[in-house]
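So the sequences go chain by chain: B and R. Residue 59 in this note's numbering sits at position 59 of the first sequence, and the numbers go up by one each step. Residue 600 in this note's numbering sits at position 266 of the second sequence, and the numbers go up by one each step.
Calculated directly from the structure, the hints in this document are not laboratory data. Heads up, the beta-carbon is just placed ideally off N, CA and C, and yes, glycines get one too. Be careful, since some hints might not be right.
In silico DSS-like cross-links for lysine-lysine, where the CA-CA straight-line distance does not exceed 30 Å [said to hold, decoys possible]:
#1 B:Lys7 <-> R:Lys642
#2 R:Lys632 <-> B:Lys35
#3 R:Lys600 <-> R:Lys632
Just a few of them, taken from the derived set where beta-carbon distance is under 7 Å, the chain R residues facing chain B [claimed, not checked]:
#4 Leu352
#5 Glu396
#6 Ile453
This is what each chain is made of:
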Amino acid sequence: MSEFVLKSAQFRREREAAWRELEELLARLEKGGMKSLTAAELHRLPVLYRSAISSLSVATAISLDKNLLDYLTALVGRAYMAVYGAKRRTGEAIAEFFRFRFPWVVRRYFVFVLAAYALMGLGVLAGYRMVRADPESYYSIVGDAEAQGRNPASSTPELRKILYSGGEAPLSFFATYLFTHNSRVGMLCFAVGFAAGVPVIYLLFTNGLTLGAMAALYQTRGLGAEFWAWVMPHGVTELSAICLCGAAGMVIGSSLVFPGRHTRLRNLALRGREVALLAVGAVTMFLVAGLIEGIFRQTVHDVAIRWSLAATTLVFWTWYFLFVGRGHERDLSR
Amino acid sequence: MISFDKARIHRVLTPEGLSLPFVVAPVGDRLSAFLFDTLLIIGATVLAGVLAALSTLIGMEEVGGSFAVLAGFLLWNFYFIYFEVHWGGVTFGKRRAELRVISRDGGPLTAEAIFARNIMRDLEFYIPVMVLLAPDEMLPEAPGWGRLLAAVWLLVFALMPLFNKDRLRCGDLVAGTMVVKAPAAVLLSDLTARGTGSPAERPARRSAAPQAALAPAPPPEEFPFTRQQLDIYGIHELQVLEDLLRRDDQGVLDGRILEEVCDKIKTKIGWPRERWNVPPRRFLDAFYRAQRALLEQKMLFGQRQERKRG
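Start from the sequences and build out the full structure, keeping to the hints where you can.
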């Protein structure tokens, strides 16, 4: 009997114990993470992985046992993920994100971020001047849903009331609603970048247009400064976040239109991953803005305090984006 | 062009220099995984809604309302992101369909890649669905042709995986990822080594296998195949036979199929009539072993015979 043993069967008998060991380690690792392995087992993992790789290349050369080949391919694939897909602790990754990666990626795509601010600023200016020149144009710029009763037909006390009303909705609910709604808009800005970035430009510009038109309306009633004191405490953060998402969308669009040295596909993948960081950071900024808008603005009506909070956020974000995490650039571009 | 080829292989070059084959996940599996995940999300959203409704009974509607809005937001936007980060490219639905997200270039699957691929879901799925279901809300002032145009444009994004061979959706393009099959493969005993290894080495069988299947394979003298007889079939047929025998081992094969196959092979290779009546499983075991021995030997000499001749 034993004189009739295939080379492939013999090969399997010699190696099988190592595969089984690897399989068992992987099962535990996938279930319970790094903690479930002892130090000795962790050292063993790469050794077993390399041995499985060599087994697979030998097996593809000498064996026709399909079950064995499928098994080894799957095993090596899993081991590969375990060895090279090693993920760090979530807490560490989050800390690294806020201390280095987020401000780094903003600086890296600074031109796009500035362009996004410029587009929105242009929108504000255009909306403001249009409504100042012709108050009736307000209706075509600001939709009914956004206006919420604020239009040239409203009386000045009515307009004023909105700036200082507590609102009917409970505070935490209002803040949550603002945060979720704005985050969705921001992420959408990122996503539509895929359509060559054109919708992003439109979204940024019209956003500014609406703001400018409202500012003009309040200006005509002599409430200009109070209006900006109402917008800016959360607006600095929220508008910046929108601009970051818009910048991300524009980067995606431009990487499709101007692929540079790489192929379009590769360039898109490279840029897409990086600017996803912008969108993630923007979501956290929307959270901050939602809290300010939903709670602070509804409770604090003093114009001076409102202005000082706006100034504080402006200083904070400027410092954060320009100076935090400098000197780590080389480690981060991967 | 739309292509429905069965199993496309994507090769990833490991740092060791081996090209690892991954089977690109078929569209059907992707869809079933996505539907399963979506159902989970819908279920959890409904649950959050019910909890919020209950909170009004105890006079905490403010907390309940915020909770429902926040839970809905987190579920619909961060369900995929959370699980793919946490489990390394797997969600409940993907685990069920044996799928996994990998980085196309073979590097580690980073959190930012997972964010990128999942933020795109809005554009690919939720918005097209909303445009189709509630066009008045999504595009309030657009004329009819404008809506049609938007719907077509969005459908292109939604159906993108059908138009490329690696089944990449927009999110995969932006993130440089792809979805592959990650089957939980089980190593079964070697069909040629039956009876030679110790029983402990064999994996435990799930179903009660017929005793005949575990009996030692017949010695080669019992079935003296000639070289001409073994030259007919190729690797593909050998592996089909392997699959058949393994299904028989698991006891999920109709006995008549084994007989039919046995007769077919005997006719094809010109098995002598006087020895026609042999137990099918015994014959097939011996034939599999002899056939594999020859084909593997040929392969060592650089001749891969993929298919049968004639």
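**Prompt:** Checking against the hints above, which ones are violated?
**Reply:** 2
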